[in-house]
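Asks: Using this note's numbering, read the sequence shown as starting at 1 and increasing by one per residue.
Rather than coming from a laboratory, the hints here were simulated on the basis of the structure. Small disclaimer: the values here were computed from a predicted structure and weren't measured. You can take every hint at face value.
Once the Cα atoms are required to be at most 16 Å apart in a straight line, the calculated EDC-like pairs of lysine to aspartate or glutamate come out as:
{"no.": "1", "residue 1": "K125", "residue 2": "D66"}
{"no.": "2", "residue 1": "K125", "residue 2": "D163"}
{"no.": "3", "residue 1": "K204", "residue 2": "D215"}
Simulated restraints, written as ranges between beta carbons of each label pair:
{"no.": "4", "residue 1": "G41", "residue 2": "L212", "range": "38 to 44 Å"}
{"no.": "5", "residue 1": "L84", "residue 2": "V220", "range": "32 to 38 Å"}
{"no.": "6", "residue 1": "L105", "residue 2": "S205", "range": "18 to 24 Å"}
{"no.": "7", "residue 1": "R21", "residue 2": "L84", "range": "15 to 21 Å"}
Glycine included, each C-beta is placed from N, C-alpha and C at the ideal position.
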Amino acid sequence: GAAAEAAEPVPGGPGIQAWCRAAARHRLHLVAGFAERGPAGRVYNSAAVIGPGGLLGVYRKLHLFDWERRVFHPGDGGLPVFDLPWGRIGVQICYDLRFVEAARLLALAGIHVLCVPTTWTDLYKPQPFDERGWSMANYLAQAHAYINRIYVACANRTGREGDVGYLGGSLILSPQGRVLAGPAPRDFQGVLVADVDPAAAGDKSLGPEGDLWADRRTDVYRLCLAGQPAPAAAAAYNPNNKEETG
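Given these sequences and hints, build the entire structure.
Replies: What follows is the structure, encoded as structure tokens:
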């Protein structure tokens, strides 16, 4: 397919090299999605993290959606984090955002910003926007920002490719889930800008009512991830338990 034909190696591919030149020229950091030509002929849905000094690393998409499984190999590089001069970032790609575990692991690894290059589409969505002009993907990104107390920056495509329409809706969210920029209109092509305070994303305190990290029940989560029933859930549904509850 076209994605496989466009795949390029790291770090010598033409797209990577062009981004490296742009980052050096403008003295900035960027995260950009591309099809990566890996070893043994494998093709990955990847994102490059690039700074003024060149390529910092690559994230390979973990969760493949629908037709992607026929083209791409599942990501095998884990969930890397990247330390920039002003803070730490993590990367997810499109469908990855539907899996709360991945974003939480990145948050636990200390990221301040989750960068999400994405292709939110109108596939299987008869009504892709609500009365506010938001798609469900916008709300999903907002939820990740809020429940993990991190900044989330999503950059989506616009226009059409064949029968697929892209939703636009790029946005930047604060650790409180507030919109700092966007969601951009469906046909918007441009740049969204917002200020980031790493300390705001590093503080997981909820004030007197609790702490987002300290209050986690890792004893229960560990059992669930291992495929075992959570003790509280098992006790709650016990037909032999005749005790009444208030």
